[in-house]
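Participant: Listed below, chain by chain, are the residues.
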Amino acid sequence: MIATNRMKFLLPILSPLIAITSALIVGAILMLIAGANPIAAYSILFQESISTYFGFGNTLTKMTPLLFASLGVLVALRAGQFNIGGEGQIYLGALGSTLIGLYVQGLPAVIHIPLALLAGFFFGAVWGWIPGYLKAMRGVNEVITTLLLNYIAVNLVSYLVQNPLMATGAPSPYSPLIAKTSRLPIILPQSLAHAGILFGLIAAGILWVLLVRSPLGYQITAVGFNPTAARYAHISVERTIMLVMAFSGGLAGLAGSCEVMGLKYRLFEQVSPGYGFDAIAIAFLSRGSVVGVVLTSLFFAALRSGANVMQRSAGVPITVVYAIQGFMVLFIAISLAVEREIRVKTLWSAKV
Amino acid sequence: NKPTTPTATGGTEGFKIAIALPGMITDKGWNQSGYEGINLTKQKLGAETAYVEKVAQADQTEVLTDFARKGYNLIFAHGGQFDAAIEQVASQFPNTFFVGVNGNLKAENIASLRIDHLQASYLCGIIGASVTKSNKLSYIAGEKFPATEGELRGFELGAKSVKPNIQITSTFTGDWNDVAKAKEATLALISSGADVIYQWLDNASAAVLQTAGEKGVYAFGNTKDQLDVAPKAVLTSAVKRLDLAIAYIAELAKQKQIKGQIYTIGLERTDILSLGKFGGIIPEVVKQKVLNAKQDIVNKKIVFEDCKEAGKDTRCLKKATV
Amino acid sequence: MNYLRLNKITKCFGSFIANDNINLSVASGTIHAILGENGAGKSTLMNIISGLYQPDAGEIYLQEQPIKINSPNEAIKLGIGMIYQHFMLVPKLTVTENIILGMEKTWRLNLQDKQQEIAALSQVYGLEIDPTAKVENLSVGAQQRVEILKVLYRRAKLLILDEPTAVLTPPEVESLIAILRQLAAAGNTIIFISHKLEEVMNLCDSVTVLRQGKVVATISTSAATPQQLATLMVGREVSLQLNKSSTLPGEIILSVQNLQVADERNIPAVNNVSFELRAGEILGIAGVDGNGQRELADAIALVRTIKQGKIEFTPKHSSVGYIPEDRQTMGLVLQFSIAQNLILKAFKYLPFCRHFLLQPQAIVNRAQAAMQEFDIRANGIDIKVSQLSGGNQQKVVLARELALTPALIIAMQPTRGLDVGATVAVQSRILTERDRGAAILYISNELEEVMAMSDRIAVIYRGEFLAILDAATAKVEEIGFLMAGGVNQ
Amino acid sequence: MNNLNFFSDYLIASLRLAVPLAFAALGGLYSERSGVLNIALEGMLLTGAFTAAAATFYTGNPWLGILASLIAGGLVGLLHAVLCVTLRVDQLVSGLAINLVAAGLTSFLARLVFGGSSTQQLPGIGAITIPGLANIPLIGPLLFQQDFLVYLLFILVILTTYILFKTSFGLTLRAVGESPKAAGTAGISVTFVCYIAVVISGCLASLGGAYLTLVQVRFFAEGMSAGKGFIAIAALIFGRWHPIGSALACLLFGATEALQLRIQALGANIPYQFLVMLPYAIALLALVGLAGKSTPPKALGTPYFAENHHSD
Ligand SMILES: Nc1ncnc2c1ncn2[C@@H]1O[C@H](COP(=O)(O)OP(=O)(O)OP(=O)(O)O)[C@@H](O)[C@H]1O
Ligand SMILES: Nc1ncnc2c1ncn2[C@@H]1O[C@H](COP(=O)(O)OP(=O)(O)OP(=O)(O)O)[C@@H](O)[C@H]1O
Ligand SMILES: [Mg+2]
Ligand SMILES: [Mg+2]
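Line order of the protein sequences matches chains A, B, C and D. The opening position of the first sequence corresponds to residue 1 in the numbering used here, with each subsequent residue numbered one higher. The opening position of the second sequence corresponds to residue 1 in the numbering used here, with each subsequent residue numbered one higher. The opening position of the third sequence corresponds to residue 1 in the numbering used here, with each subsequent residue numbered one higher. The opening position of the fourth sequence corresponds to residue 1 in the numbering used here, with each subsequent residue numbered one higher.
No wet-lab data here; the hints were simulated from the structure. Glycine included, C-beta positions come from ideal geometry on N, C-alpha and C. Some clues are possibly wrong.
Unchecked claim - Here are some of the chain C residues that sit facing chain A, going by a computed Cβ distance under 7 Å:
| # | residue |
| --- | --- |
| 1 | F275 |
| 2 | V303 |
| 3 | T329 |
| 4 | M330 |
| 5 | L332 |
| 6 | V333 |
| 7 | Q335 |
| 8 | L344 |
| 9 | P351 |
| 10 | C353 |
| 11 | L357 |
| 12 | L358 |
Said to hold, decoys possible - Some chain D residues well away from chain C (every beta-carbon gap over 10 Å; in silico):
| # | residue |
| --- | --- |
| 13 | G74 |
| 14 | A175 |
| 15 | A183 |
| 16 | G267 |
Stated by the list, open to error - Restraint-style ranges between C-beta atoms, simulated for each label pair:
| # | chain 1 | residue 1 | chain 2 | residue 2 | range |
| --- | --- | --- | --- | --- | --- |
| 17 | B | P231 | D | Y151 | 29 to 37 Å |
| 18 | B | P231 | D | L67 | 29 to 37 Å |
| 19 | B | Q255 | D | L67 | 51 to 59 Å |
| 20 | D | F305 | C | R377 | 19 to 27 Å |
| 21 | D | K298 | C | I267 | 47 to 55 Å |
| 22 | C | W107 | A | S43 | 40 to 48 Å |
| 23 | A | I342 | C | I311 | 48 to 56 Å |
Isolated chain A, as found in the complex:
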């Protein structure tokens, strides 16, 4: 009994540790083959992602879009919807904020920043609402529509930054700088960490209240678990799905807003290097928990920024870095599954 209790306590800490270690070992083997020094690489990975000031700043910078986008996936998931379209919604959100940052001038920052964020949210929300509408009213599978809308969003932004929005004299497609008043302040001086992460955490908090404490959250969860029963209880399943998809898109849109307003200060072609897809993994690994999403996106961000440094400072080829990231996700997913199995088994055998 005591042993199982201790087991229960240790398991959630132990199993991800084992997973991460295994991924690192596989990575070390690849590094040795590629002629890099794994020990040097890993000490850099660790230092630069968490323990140094600038490294931590980089991690927070990466965490911002990941957090917003995975909160978006999470909300949709609550209502039983797979939003694979985070990527496209990020692009649209970036566009929305850019438009406000560029074309609205002369506002004080306290108004300009919220307005730009709102625009980003709104643009993302529209991009999420479309598949929501198609799903609710026409029964079109949302996985495919969100996926297709990604490609459309990416090309749309590419067109805009190459034509009407392109900065004069730019050697590459990007927009002019947005107004200073619409930029998010840096929160760790000298580093890249900007206030977006604070907004992200606030959004997570609001989302937690919404999902756990509010009637709307209850309604969303009911629709996600059993739309038929929800319909029989006079809940409008269609409206809930549209609302949730719009909200989900809006959150992803804020990821794009923060990239523009906090990091680059302009719209550029490749707004997201796959944050939308990372977000799916984050949301699923967190199993629907908001706190889980915060922690997992911190982990993913640390991994991404630490991995970048491994490449720069320890000469680890990017290919190995990708492989390590893949193995991390893989092994963590396995460890979660195994942990669940063990927990069920010990629970069952505990009282027999």
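Using the hints provided, position chains B, C and D with the ligands relative to the given structure of chain A.
Facilitator: Here is chains B, C and D with the ligands on its own, set in the frame of chain A:
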């Protein structure tokens, strides 16, 4: 256990050079040439070097800042898309020199290194127009941005200098990685009647050249001398030795001669920008014509000036007829 | 000779012991009943015999040979066939495909041949079925026939039927009983589970009663009375009698005129239905499953749009309580707790929601009160309803729907699958509501139940009311005749 | 310019662009019909492309390349099956992780294997011309002058339709994907069927990759799957998990892609981004226009536990 004293002079000992690359170092094109450049500086100058490949646009600022903070004296950012990030970062690190390859910036500690793509493609345009039977030439690249547009413009000017009514179409695939799509785009061009193709596709260029060979049309190599890839199809190549250009700039920097300016390298630096080996089918007359044109460009008898055409900024041909 | 013998079978789910040291012998060629309350462990035991579950301890003997049944496949090979309580059919496949599923050893399916084979088989046993129909389009009764054919097709010698009659109409029950007798006579051994004591008395040779996972008695049916069996099941005296007082109907609560409703495929399911319902009155609707009952109930509960006609409530906006046909898919969110399910319709309103936030205390209070009032048996209000027995699940639905003292209650198959105790509890509760003055629409395909509960009885056939009769004077035969589409003389 | 030739070229290009998608979609079909979500198609394509190229590079024999890609794809499928079916890892996460690993490992190995000669043309598999039929205008070159893999694809589409609806394996597969519990009680080993299906899925998707490197491009380039696996999933859903429907959906993608490339080639004055997005936009419109209610196999994405009452 000596305390390390920061050297204000930054002597040749600790000269550190880094490069940030937007794509993969194995792409046989743009990124690989940058990577080779940095390796060359390591060999030639004994500098300590570092590189990062596949730098996403969202990571540019982080990468440049990090290199600067780690004490790299000279940082190459390999592609115009880095300009925005350089602008953002450079002012914080006055002791670091940033070089935007293909960029358009100059400042106290920012220089740009540009290959005048247009000059080489102009020459290729002349060749293309001379050998075409269908009077239809085409240009294909992954994405449209000022460098590819410039190259297309040079190709067009060159071709029209031979046949003013020649038709030139362009295709952009939208994805540098999608080799299969690039090849299909080539086939689409051929099927629409084009018989000379100028490509800038990195990874996919071999596929384009091979396809041209199979279909019996002509094509130009780019960046490297690619005659060997498809000897029957390749007319010549616009050889851009970015590695040498990077080494050249690095050397300037090491000797403290680098200035905050735009270094535009054209055909006058034969070692860096030149035409590759000629394919067998180019008639001697054409060869001669091209070599003359090249000489004219070097001697500034042919210059490309900024101008406006159909409301868009571009560059036009100006022959300095004496 | 014993065909099947179980020795000290034990099965646990986590810390819960579902089967505790069970000994059971079933004689060859007999029909043996298993009785027990909801959650007594009947299905679990049967799932062990059919290879779906593995016992934690104990042995199984078939014809006195010890056997191990590691999978349903092995059970099938041993001649054990089970008809599960919740049908194990693939809705998207046809009848034939479902029947031959897993049995076909040849690569190529010759569906035409198989269809003929199955048509012949169904003829032999008088189980009328269209072999080419998709299962999702079949009525539950027909699905039951498919399940039986599936077992017969596998040439099972031991047949296990877990609550097969819960979804059948009286004539269907009759014919099932006839078939089972025929099978037993042919030497097959049958285990039969039901909550309907009459059926057990009528059909089975002997009966084993389970209570809380343990065997409490095994007796021969000829030596038992229904009352005695009920007492054994529950462990105390139970009344099987419903106390229905006579009341005078009050004012009209619901008036339906020329109602026309379509089903999911947009085919008219309810046609030209008109009736009135008064306060304190129960209108029973008798009919074979799938004759438009669901569409009618949905329409009146305002969860389905109507094509034509009028539904009027007096007083306007009077509240409607709806106990839908399928508690697990329509009535409950199985992943929600009891407390959460209880507010499914009211979560937006006071006292559960205040200042835009849910009020946990109000929700807890409500849940505790409801568990008390409706005798919902569970280890607390935070238990997921998926872990409740069917009877307790039904009580959760009831508690929620009756919370607002509705003027109109629509109850559709409210006792399906419930044990005797739970059935009586649910029915008495509905009668209490009637006495309070609620108007009640009671829909069931169990004729006896409808007759026992109703003040008036409407018979529905192909979406139309063939007649509305007075329950006091109506005859069983007459209603049965109408349910089959006969015309009233 | 010869109009007939142009059109015939267009059809052939559409087909060529559709082939890798169709192999992947067909692979996805087996997996998803058995109830296992397969987002890993992208990684499987890439694995197939790489192994086909590597084996051909070493041996000089493209047939061995195809064999190698089949084996490697099968192994990736096996991995996905172990993760999803046995370990019950979330199926979406498993797929995403496999994609990441495949992207990293194939690039890593490609640099080791091909070194400096990565764009050197591999010996490909040539076209097989069916005498007589190949001379029919338009149809001839399209259908009867193709390489082995295209014929194989035609056969596979028909064969899969046959298997799915006319054989006992197909019946089992459909039952498992719709209702594993019912299938399990009917005596089917659900786990075994899922394993088979997911391994087949890996094999087929990797053939799509082999087509890229042995027929279409004739060398391996890092990341050359370029999102084709995701488009294959879109096509699979669009085609309602039906072999012919999915193949036609791939053809629609191929045809619009070929079309947009031709519009560009003919020098239309439309910003190229709008042309690049054309295939996706058309697919979206088609989906909406056809009122594309597409219901997945019921058990898709949910792991199967034999001893579970309600799937919660
Ligand atoms: N899969 C399971 N996991 C956990 N507990 C279970 C499971 N199946 C059954 N149980 C437990 O075992 C008990 C017995 O369930 P079982 O299905 O055997 O009841 P039953 O006698 O068939 O009831 P009913 O008459 O309602 O069909 C239940 O009360 C439940 O608590
Ligand atoms: N995962 C589970 N954990 C715990 N108990 C479970 C689980 N699944 C089912 N049960 C319980 O097993 C028992 C039998 O389940 P079953 O589905 O047979 O319900 P039931 O009581 O027979 O109701 P009905 O016949 O109306 O569906 C119920 O008490 C049910 O709540
Ligand atoms: Mg039961
Ligand atoms: Mg029951």
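Participant: Now look at each hint and say whether the structure bears it out.
Facilitator: Hint-by-hint comparison with the structure:
no.	hint	in the structure
1	F275	23 Å, violated
2	V303	6 Å, holds
3	T329	5 Å, holds
4	M330	5 Å, holds
5	L332	6 Å, holds
6	V333	5 Å, holds
7	Q335	5 Å, holds
8	L344	4 Å, holds
9	P351	12 Å, violated
10	C353	5 Å, holds
11	L357	5 Å, holds
12	L358	6 Å, holds
13	G74	21 Å, holds
14	A175	5 Å, violated
15	A183	7 Å, violated
16	G267	50 Å, holds
17	P231(B) with Y151(D): 29 to 37 Å	32 Å, holds
18	P231(B) with L67(D): 29 to 37 Å	32 Å, holds
19	Q255(B) with L67(D): 51 to 59 Å	57 Å, holds
20	F305(D) with R377(C): 19 to 27 Å	26 Å, holds
21	K298(D) with I267(C): 47 to 55 Å	23 Å, violated
22	W107(C) with S43(A): 40 to 48 Å	59 Å, violated
23	I342(A) with I311(C): 48 to 56 Å	55 Å, holds
In this structure, the earlier hints numbered 1, 9, 14, 15, 21 and 22 are contradicted, and the remaining ones agree with it.
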